[in-house]
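Novice: Listed below, chain by chain, are the residues.
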Amino acid sequence: MNKLVIADPGKCIGCRTCEIACVLAHSATDAMVKMSPASFNPRLTVVKTTTVSTPVQCRQCEDAPCAAVCPTGTLVLRNNTVEVIPSRCIGCKSCMIACRFGVIEVLPCDALLSDRPVISGTHVEAVKCDLCAHRANGPACVEVCPTKAISVIDAALFVQAGRKRREHAAMAQAAFSPGEYPGQMGA
Amino acid sequence: MAEKVLTVCPYCGSGCKMNLLVEDGAIVGAEGAHGVTNEGELCLKGYYGWDFLNDTKLLTPRLRKPLLRRHRGEDLKEVSWDEAIQFTASRLKEIKHKYGADSIMLTGSARGPGNEANYVMQKFARAVIGTNNIDHCARVCHAPSVAGLQATLGNGAMSNSIVEIEDTKCIFVFGYNAADSHPIVARRIVRAKEKGAKIVVCDPRRIETARIADLYLPIKNGCNMALVNAFGNVLIEENLYNQEYVRKYTEGFEEYKAVVAKYTPEYVEKIAGVPAAQIRQAMRIYAAAPSATILWGMGVTQWGQGVSVVKGLAALALLTGNLGRPNVGVGPVRGQNNVQGTCDMGVLPNVFPGYQKVMDPEVRAKFAKAWGVSDLPANPGYCLTEVPRATKQGKLKAYYVFGEDPAQSDPDLAGIREALEEMELVVVQDIFMNKTAVFADVILPATSWGEHEGVFTCADRGFQHFNKAIEPKGDVKPDWEILSLLATAMGYPMTYKNTKEIWDELRELCPLFFGATYERMEGLGYVQWPCPAPGHPGTQYLYTGNKFDMPNGKGLLSAAEWIPPFDKLDEEFPVILCTVREVGHYSVRTMTGNCRALQTLADEPGYLQINSADAKKHGIEDQQLVWISSRRGKVLVRAQVTDRANEGAVYMTYQWWVGACNELTVDHFDPVSKTPEYKYTAARLESIEDQAAAEAYLQTEYNAMREKLSSVAGN
Chain E
1 MNKLVIADPG
11 KCIGCRTCEI
21 ACVLAHSATD
31 AMVKMSPASF
41 NPRLTVVKTT
51 TVSTPVQCRQ
61 CEDAPCAAVC
71 PTGTLVLRNN
81 TVEVIPSRCI
91 GCKSCMIACR
101 FGVIEVLPCD
111 ALLSDRPVIS
121 GTHVEAVKCD
131 LCAHRANGPA
141 CVEVCPTKAI
151 SVIDAALFVQ
161 AGRKRREHAA
171 MAQAAFSPGE
181 YPGQMGA
Chain F
1001 MAEKVLTVCP
1011 YCGSGCKMNL
1021 LVEDGAIVGA
1031 EGAHGVTNEG
1041 ELCLKGYYGW
1051 DFLNDTKLLT
1061 PRLRKPLLRR
1071 HRGEDLKEVS
1081 WDEAIQFTAS
1091 RLKEIKHKYG
1101 ADSIMLTGSA
1111 RGPGNEANYV
1121 MQKFARAVIG
1131 TNNIDHCARV
1141 CHAPSVAGLQ
1151 ATLGNGAMSN
1161 SIVEIEDTKC
1171 IFVFGYNAAD
1181 SHPIVARRIV
1191 RAKEKGAKIV
1201 VCDPRRIETA
1211 RIADLYLPIK
1221 NGCNMALVNA
1231 FGNVLIEENL
1241 YNQEYVRKYT
1251 EGFEEYKAVV
1261 AKYTPEYVEK
1271 IAGVPAAQIR
1281 QAMRIYAAAP
1291 SATILWGMGV
1301 TQWGQGVSVV
1311 KGLAALALLT
1321 GNLGRPNVGV
1331 GPVRGQNNVQ
1341 GTCDMGVLPN
1351 VFPGYQKVMD
1361 PEVRAKFAKA
1371 WGVSDLPANP
1381 GYCLTEVPRA
1391 TKQGKLKAYY
1401 VFGEDPAQSD
1411 PDLAGIREAL
1421 EEMELVVVQD
1431 IFMNKTAVFA
1441 DVILPATSWG
1451 EHEGVFTCAD
1461 RGFQHFNKAI
1471 EPKGDVKPDW
1481 EILSLLATAM
1491 GYPMTYKNTK
1501 EIWDELRELC
1511 PLFFGATYER
1521 MEGLGYVQWP
1531 CPAPGHPGTQ
1541 YLYTGNKFDM
1551 PNGKGLLSAA
1561 EWIPPFDKLD
1571 EEFPVILCTV
1581 REVGHYSVRT
1591 MTGNCRALQT
1601 LADEPGYLQI
1611 NSADAKKHGI
1621 EDQQLVWISS
1631 RRGKVLVRAQ
1641 VTDRANEGAV
1651 YMTYQWWVGA
1661 CNELTVDHFD
1671 PVSKTPEYKY
1681 TAARLESIED
1691 QAAAEAYLQT
1701 EYNAMREKLS
1711 SVAGN
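Protein chains in written order, with our numbering: chain E, 1 to 187; chain F, 1001 to 1715.
Chain F with its partners taken away, still in its complex shape:
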């Protein structure tokens, strides 16, 4: 009989509680548990996404021993933990001594390690190395949501909760494909529809939610700011906004009104590609609903002006009074299982854990005292996406990559590879051999989700505890233990005994999280921050009494002029490439690519979604291999002809290692959040006459890549 170990799904941010079924020390299955967000349901990743723990080597092998090369060009060799730690510590010390602490860049990990490991990582960066150069993949995903919402409402997270989505009377979906990104959130949208909610969808693709929408706006790629301004324009000009709410609880109305004045639906219809009447209709539905929720995803954030668009969406909620009560609000639904938590833990260049600003001397003094150091760095550090340029300028010399794979996930991969080669030291701490680890001088192998315990924060600020299910194989250590050894070797003793001890230390330092104890997270326990005291129930929705977390308590109405996409289409590159998600795979695919069932559903080189008219124009048939190139690179990919994709644009997912779309993407960033414009790259398609040869080439490339990763890992 299998033993059941209660944990939290390691994939998207839905926060599904689940049981791993363990027999003779191995996982044999998974089943849903009745967590708050999932109510016993799981999607395919939850049910069938655990066998990467068995080191299937379908894509890339697990790391089992510390690996080290003392000189570039040599092979990585297995070494003892002691040797790996001593080497890393001495190299980091040398680099710090030679170039200063700010020449070292570190990352956190929004996936399996959990909050405690991330807390220790940022403490290591700030207290031991002495830099705020710490960031993580939120930068390339929901960083604009955090920045935009902090600037307008005061808190960067979802204002309301996943459970509330099904009881709202209107769901306004903007650039968010719940069915592919968060099936368990999609379930709430389906239920809301059944309960009579109106659904409005703005997306260039006919996504699953568009199928069940009352109104679907098939927008042009790159129109966001103009369209959101037009929505604001309609609310004001048609007098659909809540004047009393605006007067009492917001500021900036006159300035806002002035900016959106020009963006009449008639003016915007050409930019957005949808009739003015539909733009008006969308706002009439949204404003008429007694409760309305806006949900958005990467379709809003992965643009050069993502922050401004987030502010604009917040303005729609403020104008209609859809905040500060149940079943309303603004919902940037976080992508990775612990990307909310990694932000919570201060794995960002400008804040300590609990969103306490590094610029604030009182905050710095508090953390310095608690961590036993004389002072802490005051200037915000580099963002993840600034690494290539800062390296080229000679400002960064070492990169400590923890549980991420920038050589797969970041835009313009050629630029990332150059930076990794340029670095004097690259440390990779991970569970799998990945593309970044190929450049590493030291590889520190860690335990995986399933092999350690901790706390994750799901998309709606809910803390949940996850258990260890099996013993790890090989000479691996929990992330926080590796970092403690390193800190100690660098002259800063860290002696944590378990994750609870770490959690209690960070709770004491973070008023927002103080009441969320391990005891309260036992079993199916779910504690949503802010939770300032042990007796506090946690916070299902923010801004009670319409009091915003702003200096004067008022929400800020903000709009900005529309800026067209950065990359330009021309005769050579006439097609828009937009990067998206697909439901069966996750993140950089080290995990799901090593799961048998998930890999069976979809494998390399990945898919290019293309409209049938475009396919015909290019002489491309469904399932054929094609070349796609941009001004930065060229990759092979398999066409998936579907009229859910709009004409003129093609769609790829970033998890494919052979068909790696980030070889093509443009390194243009939002000026505030430094988030890349993954959603718009000028590209060119080429059909391939000899499909058999292309299939053979694909297999050769795929095998060569697997063999290389295996050999670097010493397997």
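This is chain E alone, in the form it adopts within the complex:
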């Protein structure tokens, strides 16, 4: 199962520290000097509705629509994530159209503050959460979040959480008295 970064809206305070950390984690070291609204393109976005505050980012779908529609093989399932191979991107935006979460973007390379040499002929790049695969400490957003609202969930954690939830469900079921539901019991 793929791993993903996800936030708990119950803990998020909407401060956007994660957005800045994300931009800096994917930028050259001089990003603090060069940053501007045009080059500020975090891979997670804090959304605030009336009742919810939370960053939203790539779910690393198992059957990723973005990868399925990409005509150049830019998006590939590798290392339990959906990876981007920037050199293959032609900027056709099929992935943006396909993504159900609105969390992949095609951006001009010069809007990325990147220190990676621009590969000849490529001017655009599909950009999304890569779980900070290049960082020894893992995702920068997880590291800086002051309320520890953001975490990485992998297969093992899903199993653990599922077990806990089923335990809670079992406890709730203890109150069940079949006599009250005769029609449902196939009597």
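Read the hints as simulated data drawn from the structure, not as lab findings.
Any given hint could turn out to be false.
Keeping only pairs whose Cα atoms sit at most 27 Å apart, straight-line, the calculated DSSO-like set for lysine-lysine is [said to hold, decoys possible]:
(1) E:Lys148 with F:Lys1500
(2) F:Lys1392 with F:Lys1195
(3) F:Lys1547 with F:Lys1257
(4) F:Lys1004 with F:Lys1708
(5) F:Lys1477 with F:Lys1065
(6) F:Lys1392 with F:Lys1369
(7) F:Lys1616 with F:Lys1357
(8) F:Lys1568 with E:Lys48
(9) E:Lys164 with F:Lys1195
(10) E:Lys164 with F:Lys1169
(11) F:Lys1262 with F:Lys1568
(12) F:Lys1077 with F:Lys1477
(13) F:Lys1395 with F:Lys1096
(14) E:Lys148 with F:Lys1169
(15) F:Lys1708 with F:Lys1077
(16) E:Lys3 with E:Lys164
(17) F:Lys1473 with F:Lys1193
(18) F:Lys1065 with F:Lys1468
(19) F:Lys1392 with F:Lys1093
(20) E:Lys34 with F:Lys1708
(21) F:Lys1547 with F:Lys1077
(22) E:Lys164 with F:Lys1057
(23) F:Lys1395 with E:Lys148
(24) F:Lys1195 with E:Lys48
(25) F:Lys1674 with E:Lys34
(26) E:Lys48 with F:Lys1708
(27) F:Lys1065 with F:Lys1093
(28) F:Lys1500 with F:Lys1369
(29) F:Lys1077 with E:Lys34
(30) E:Lys148 with F:Lys1195
(31) F:Lys1270 with F:Lys1500
(32) F:Lys1392 with E:Lys148
(33) F:Lys1392 with F:Lys1366
(34) F:Lys1198 with E:Lys48
(35) F:Lys1616 with E:Lys48
(36) E:Lys164 with F:Lys1198
(37) F:Lys1500 with F:Lys1248
(38) E:Lys48 with F:Lys1096
(39) E:Lys34 with F:Lys1004
Go by the hints and put chain F onto chain E.
Specialist: Relative to the frame of chain E, chain F by itself:
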């Protein structure tokens, strides 16, 4: 490899310890350190709020040389320190001689300078100038908390500590948006919720804490006193209060009961805009909790009767016995990093350092002896917010503004500008060119946080030492050194060698702080006052044994009649304007507005939060520029349509220089604390048809303002 320099974050009052990462004499990053309040965490301002030190000039330039104009209307010119000091000293002496010492007004600074510089400033005001006309921005923020709590419990600070918030069983939030004001305190609220605490929120906006609240009261703007009285009414009428506690440790119950009697939830529901059942429910939750903490902010204090509402909140804690033990109490969470410290240092018109009253002859004699002067002024001085009126009446002739920007932060800016123009002498001592400095006759450039050391006091009375990380650029001096030079030039020699020497002098004079030595603040050291002796552990929570700092040791139950907001809505001005905070920017924005990442998140002209129904009514769309005006002015601002804002009210933050909401705010004050009613101004909105033209106008205005500030600063 970067060197790590341990310091304290210069932004809100949470008191976060952090390391600045320094390479080749420049700051390259910041990381959290394991301080008592922050436990290694920082928010965006802590992580990314240091590059103003590199003089980015995004908003306004750093001041690098003393500047002087001998005649109004001339340009400021670079001068030597000697010339600037001699000029300032001789002008202050002339004005004092001509009009008396009380014609001079001075401020302290609740931001980067630190406690030592503020101690020296108030000493300069009292011992050298000879006036108690000294005040600072606590006046426009938590002054009602200080006054209200001193009058009821005896101590104006948070009774309990930030670390205790997560272990309380009920958090009662009134007019306090922790997520925007103090993310690191918000973190404790989130943790309290995880540990099972009940959360009750009273706020007209659906703030972040309201989202996770067990009960949220979406109150009407301007109902505070009525609602707090109703809470008291419920506690008494439903017999939810602690009778034994009230009998043993409080006084004034009968008078209190008589005042709140009329404020039944049913009577107040129309004023507050929330059902009586919710008012009752809020108190049932609060009273039932084995431990409960009240947290409040500007939503309580920035009103014409803020002091009375603070007293009313203290009464709720007294009625339920939520004081004098861990994980309870009253929490006015201080806004600026050192606003608690600036109060501690006596940068207030009525007290010396350590809250020792200027009216007390014994106290005056003690300070006069220590400072080597024959006597000290006995009458409390002017408050910051009284400056415009006192100037108009011809009573104030000189204004020494230290690390503040009243021409941005105070209400009714047109009135402030008039006063600054009227003054015979305006001295600005700061790190940045700001709106007030435009009116200055002398500008004295100081070192910034990061460029000097000292002690800050965070919101819960915790003293922490901060280090110098880098060498300042330009011909600048630490604040205390500038003031020492001036004092010496005025015939009162001051020869401090370092901040520790200043700290030791003030410790000796302040029993509350005596045990808080530099040695104890080394590293992550955290000393909470009262700390009367070197071996004393410091005080995590006040009023042990339910003994209050009152003459008879008893807490005072106090209530007052509700007074409706001062400014009146009418057909011309039908909308309520309320001023608030936002998380990525701080104070008057000289610091955060010059930080690349923070400015990228939010820039001029700033935002106007407006409910979607109101936006529709006015034909305003999200992110469009709009005009907002009041009886005092008109500014351009960008609409942010959100249903977190209630209908009928709009919200702006005071840090924007183009969209400056204080051009609009009303100069109506609490009679005791003289704090302005920033939370309620009658306003009018106008949508703009030609958005492209408005955007172009905004850019023109923004650039013109930046160019003007730059040219005045000589950059």
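Novice: Each of the hints needs a verdict: does it hold here or not?
Specialist: A quick look at each hint next to the structure:
Using a Cα cut-off of 27 Å, the hinted pair Lys148 of chain E and Lys1500 of chain F is violated, with the two alpha carbons roughly 37 Å apart. At most 27 Å may separate the alpha-carbon atoms for a hinted pair to count; Lys1392 of chain F and Lys1195 of chain F exceed this at roughly 55 Å. Simply put, Lys1547 of chain F and Lys1257 of chain F have alpha-carbon atoms about 22 Å apart, close enough for the 27 Å limit, and the pair holds. The hinted pair formed by Lys1004 of chain F and Lys1708 of chain F fails the criterion: a straight-line CA distance of about 37 Å is larger than 27 Å.
Straight-line distance between C-alpha atoms of Lys1477 of chain F and Lys1065 of chain F comes to about 10 Å, which keeps the hinted pair within the 27 Å bound. For the proposed pair Lys1392 of chain F and Lys1369 of chain F, the alpha carbon gap of about 36 Å is over 27 Å, so the pair is violated. About 54 Å separates the Cα atoms of Lys1616 of chain F and Lys1357 of chain F, which puts this hinted pair outside 27 Å; it is violated. Between Lys1568 of chain F and Lys48 of chain E the CA atoms are separated by roughly 32 Å; this puts the pair beyond 27 Å, and the hint is violated.
Restraint check: the Cα-Cα separation between Lys164 of chain E and Lys1195 of chain F comes to about 18 Å, which is no more than 27 Å; the hinted pair holds. Between Lys164 of chain E and Lys1169 of chain F the CA atoms are separated by roughly 25 Å; this keeps the pair inside 27 Å, and the hint holds. A threshold of 27 Å between alpha carbons decides the hint, and for Lys1262 of chain F with Lys1568 of chain F the separation of about 25 Å falls inside it, so the pair holds. A distance of roughly 18 Å separates the Cα atoms of Lys1077 of chain F and Lys1477 of chain F; the hinted pair therefore holds under the 27 Å criterion.
For the given pair, Lys1395 of chain F sits about 12 Å from Lys1096 of chain F by alpha-carbon distance, which is consistent with the 27 Å threshold. This hinted pair checks out: Lys148 of chain E and Lys1169 of chain F have alpha carbons roughly 21 Å apart, not beyond 27 Å. Our distance criterion of 27 Å between C-alpha atoms is met by Lys1708 of chain F and Lys1077 of chain F, whose separation comes to about 15 Å. The suggested pairing of Lys3 of chain E with Lys164 of chain E holds, with an alpha-carbon distance near 19 Å, which does not exceed 27 Å.
Proposed proximity of Lys1473 of chain F and Lys1193 of chain F is contradicted: the alpha carbons are some 46 Å apart, above 27 Å. A distance of roughly 20 Å separates the Cα atoms of Lys1065 of chain F and Lys1468 of chain F; the hinted pair therefore holds under the 27 Å criterion. As the CA atoms of Lys1392 of chain F and Lys1093 of chain F are separated by approximately 22 Å, the hinted pair is consistent with the 27 Å bound. For the hint linking Lys34 of chain E to Lys1708 of chain F, the alpha-carbon distance of about 24 Å falls within 27 Å, and the restraint holds.
For a cut-off of 27 Å, the pair hint linking Lys1547 of chain F to Lys1077 of chain F is broken: about 57 Å separates their Cα positions. At most 27 Å may separate the alpha-carbon atoms for a hinted pair to count; Lys164 of chain E and Lys1057 of chain F exceed this at roughly 53 Å. As the CA atoms of Lys1395 of chain F and Lys148 of chain E are separated by approximately 54 Å, the hinted pair breaks the 27 Å bound. Annotation: proposed proximity of Lys1195 of chain F to Lys48 of chain E holds, straight-line Cα distance about 25 Å (limit 27 Å).
Of the supplied pair hints, the one linking Lys1674 of chain F and Lys34 of chain E is violated, its CA atoms being roughly 44 Å apart against a limit of 27 Å. Among the hinted pairs, Lys48 of chain E with Lys1708 of chain F is inconsistent with the structure: their alpha-carbon atoms are about 37 Å apart, more than 27 Å. At roughly 23 Å between alpha-carbon atoms, Lys1065 of chain F and Lys1093 of chain F fall within 27 Å of each other, so this suggested pair holds. Restraint check for Lys1500 of chain F and Lys1369 of chain F: the C-alpha separation of about 21 Å stays at or below 27 Å, so the hint holds.
This hinted pair does not check out: Lys1077 of chain F and Lys34 of chain E have alpha carbons roughly 32 Å apart, beyond 27 Å. The straight-line distance between the Cα atoms of Lys148 of chain E and Lys1195 of chain F is roughly 15 Å, inside the 27 Å bound, and the hint therefore holds. Using a Cα cut-off of 27 Å, the hinted pair Lys1270 of chain F and Lys1500 of chain F is violated, with the two alpha carbons roughly 56 Å apart. A threshold of 27 Å between alpha carbons decides the hint, and for Lys1392 of chain F with Lys148 of chain E the separation of about 52 Å lies outside it, so the pair is violated.
Among the hinted pairs, Lys1392 of chain F with Lys1366 of chain F is inconsistent with the structure: their alpha-carbon atoms are about 35 Å apart, more than 27 Å. A threshold of 27 Å between alpha carbons decides the hint, and for Lys1198 of chain F with Lys48 of chain E the separation of about 23 Å falls inside it, so the pair holds. Distance restraint check for Lys1616 of chain F and Lys48 of chain E: the Cα-Cα separation of roughly 20 Å lies within the 27 Å cut-off, and the hinted pair is therefore satisfied. Note on Lys164 of chain E and Lys1198 of chain F: the hinted pairing holds, with a Cα-Cα distance of about 24 Å set against a maximum of 27 Å.
Of the pairs offered as hints, the one joining Lys1500 of chain F and Lys1248 of chain F is violated, with about 43 Å between alpha carbons and a cut-off of 27 Å exceeded. About 55 Å separates the Cα atoms of Lys48 of chain E and Lys1096 of chain F, which puts this hinted pair outside 27 Å; it is violated. Annotation: proposed proximity of Lys34 of chain E to Lys1004 of chain F holds, straight-line Cα distance about 24 Å (limit 27 Å).
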